[in-house]
Amino acid sequence: MAALHFHNVTLGYDRHPAVHHLNGEVAPGALVAVIGPNGAGKSTLLRGIVGILRPLDGSIHLGGLDSRDIAYLPQSAEIDRSFPISVFDFVGTGLWRGTGLFGGIGKAARGKILGAIASVGLNGFENRPIGTLSGGQMQRVLFARVLLQDARLIVLDEPFNAIDSKTTTDLLALVKHWHGEGRTVLAALHDMEMVRSHFTETLVLARGPVAWGPTAEVLTPENLVVAMRMCEAFDDSAAACAADDAHSRAA
Amino acid sequence: MLHDALIGPFTEFEFMRRALAAVIALSLAGAPIGVFLMLRRMSLVGDAMAHAILPGAAVGFLLSGLNLFAMTAGGLIAGFAVAILAGVVARSTGLKEDASLATFYLASLALGVTIVSIKGTNIDLLHVLFGNILAMDDQTLLVVAFNATVTLLVLAVIYRPLVIESVDPLFLRTVSRAGGPAHLAFLALVVINLVNGFQALGTLLAVGLMILPAGIARFWSRDLTVMICIAVVAAAVSGYAGLVLSFQTRVPSGPAIILVATMLYIVSVLFGRVGGIVRQLFPGRHLEA
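Protein sequence lines, in the order shown, are assigned to chains A and B. So the first sequence is residues 134 to 384, counted in the numbering used here. So the second sequence is residues 466 to 754, counted in the numbering used here.
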C-alpha cells in the first residue's frame, strides 16, 4: 500500500491551479525530493499533503495515515519568535500526539525532549528563549520538534534555505536517519547536487508534473529546461479547465 | 500611624474589606488574561472589546439594576456579536479586521451610552463608565469571585493550545483542531473579565487592570509563568495601594487603582531588568562570550 496516493490532484488558490492534474504514488519509506522553479507549486503540493489546503479537484489519499502521523516543517513558519517560550518547551510541543491537552511531561518525556535537542546539536540551549536563537539554530530546533513528532510521513518545505553548510550537513544526516528508520520523507529542495547525491526519488514539478521517478533518470537537463520554461503568472481570464471534462467523460 | 494609614481602613470598614477582596479576585483572573492579550498583540483589541460590551451590559443594568449576572450575560452577548460581526465583515469584504472592529465598537459604545442616558440618570452613566468598587455588596462580590474562578479553570484547560497557538499557529493546525475553540474560549474569558471589572473600574478602565500589569511583567521576566505571577502580584498591589490612596485622598477608587498601576509601569519601563531604559543606557561592559 502506498504511503501517499495522488489521484488527479489539482491544488490552487482562488480557482487558479498551482499544482495541475498530478497523478502518482509515493511508496512507504521513500525519500522523495520535489524540485522546480519558484512558483512551481512545491509548497502548495506539500500544504495539500498535510491537509492545510483542500484540493480544488481530485484527492490525496494518505494510505491509512492519520493527519497526526504527519510532521510538517513549513518554509516560513509563522512563528512568533518574541513569545517567551524556552527551547525545551518549544521542542516539547512535538509530543502533542502523546500528551494532548493535559498529558503531563513525565521523566521519560523529559528524557526524549533532551535527547531530541541533543541530536540536533543544541545541548545547553534548553532554557534559552527561542527569540535569542540564530536562523540556523532555530532550524535545528524545528528539526528537533519534527524528530519528537515521531511521524511516519515527514514533509519538509525547503528546509535548507539560508542555512550554512555545517548545519545543512547535520540536518541532512538526520533526514537520512529518518529514511533509514523506514519513514517516508518528502522534501522541497533547490540544491540539485544535494538531490542527486542524497535523494533516491525525484518529482520535477512545474505546476503540472514534468517528470517523476528515480533521481538519476529524472534529473536531466532536458527536464529542467522544460520546468524552467513554465509561465509563472496566473492568467486572470483563463477559462475553466477542459481536462476535467475530458477526464470525467473518460471515467 | 503607618498602621492606621495602611491597614486601618480595612479593619475599620467593611466596604473597604469587600473592595480589597474584589480587587484581589480581579487581579488573580484578569492579569493572566492580560498577559496573553499582550503576547498575542491584542492589547487594543481588549480595549475595543471593553467598549463593545457596553450596550449589552447597559441593557442588563437597566433591566435588573446592578446585577452582575444580568450585566455579564448582556456583555457576553454584545461582545460576541461585535467580535463575530467584525470578523464576518472583514472576511467577506477584505476590510482589515482591526478597521472593521473599530467601526463596530464605536457604534456599540455610542449605542450603550444612548441606552443608559435615555433610561437612566447621569449617576448611572458615571457608574457604568467608571465603576465604584466601594459600593460593592455581598452578592456582587460573590459573582466577581465566581467569574474569577471560572476564568482560572477555563484558562487551565486551554492553556497548552493557547500557548502553542500564540507561538506557532500553523503547527497547532497540523496536529490538532483545538486552536479555534481555544481562541474563542479565550475571547469569552476576555469578555467575562471585562464585565467583571465593570463594577470596580467601569467600562473605560476595566481593561486597565488586565493590560497594565501585563506590561509591567514584560519588563521583569522572559518566562511566561514568571510573567503571569508578576502580573498578578502587580495587579493586586495596585489594587491595594489604589484603595488606600482613594481612602486617604479624594481620588475616586477606579482611577486611583489605575494610576498606581501606571506608576509601577513607569518604574518598570525605567528600571526593568528586561529591556528597561536604564538597563539599556548602562548595560555594563560586554561579556566574553
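Think of the hints as simulated: they come from the structure by calculation, not from any bench. All C-beta atoms in this analysis are idealised placements derived from N, C-alpha and C, irrespective of residue type, glycine included. There's no promise every hint is true.
[What the hints assert, rightly or not] If you want the ones that stay clear, here's a sample from chain A, every Cβ over 10 Å from chain B, calculated:
1. Asn171
2. Thr226
3. Thr232
4. Gly233
5. Glu314
[Claimed, not checked] What the simulated footprint calls covered on chain A by chain B, stretch by stretch (three residues with Cβ under 8 Å from a Cβ of chain B suffice, anywhere in the stretch; the number is not a length):
6. 187 to 197
7. 205 to 215
Evaluated hints:
For A/Asn171, the non-interface assignment is confirmed: its Cβ lies about 21 Å from the closest Cβ of chain B, beyond the 10 Å cut-off. Not every Cβ of chain B is farther than 10 Å from the Cβ of A/Thr226; the closest lies at roughly 5 Å, contradicting the non-interface assignment. Once the 10 Å rule is applied to beta carbons, A/Thr232 is inconsistent with being away from chain B; the minimum gap is 8 Å. Once the 10 Å rule is applied to beta carbons, A/Gly233 is inconsistent with being away from chain B; the minimum gap is 8 Å.
Separation of A/Glu314 from chain B is adequate, the least Cβ-Cβ distance of about 20 Å exceeding the 10 Å criterion. With 0 residues having a Cβ less than 8 Å from any Cβ of chain B, the region 187 to 197 of chain A misses the three-residue criterion, and the hint is violated. Here the region 205 to 215 of chain A counts 6 residues with a CB under 8 Å from a CB of chain B, which clears the bar of 3, and the coverage holds.
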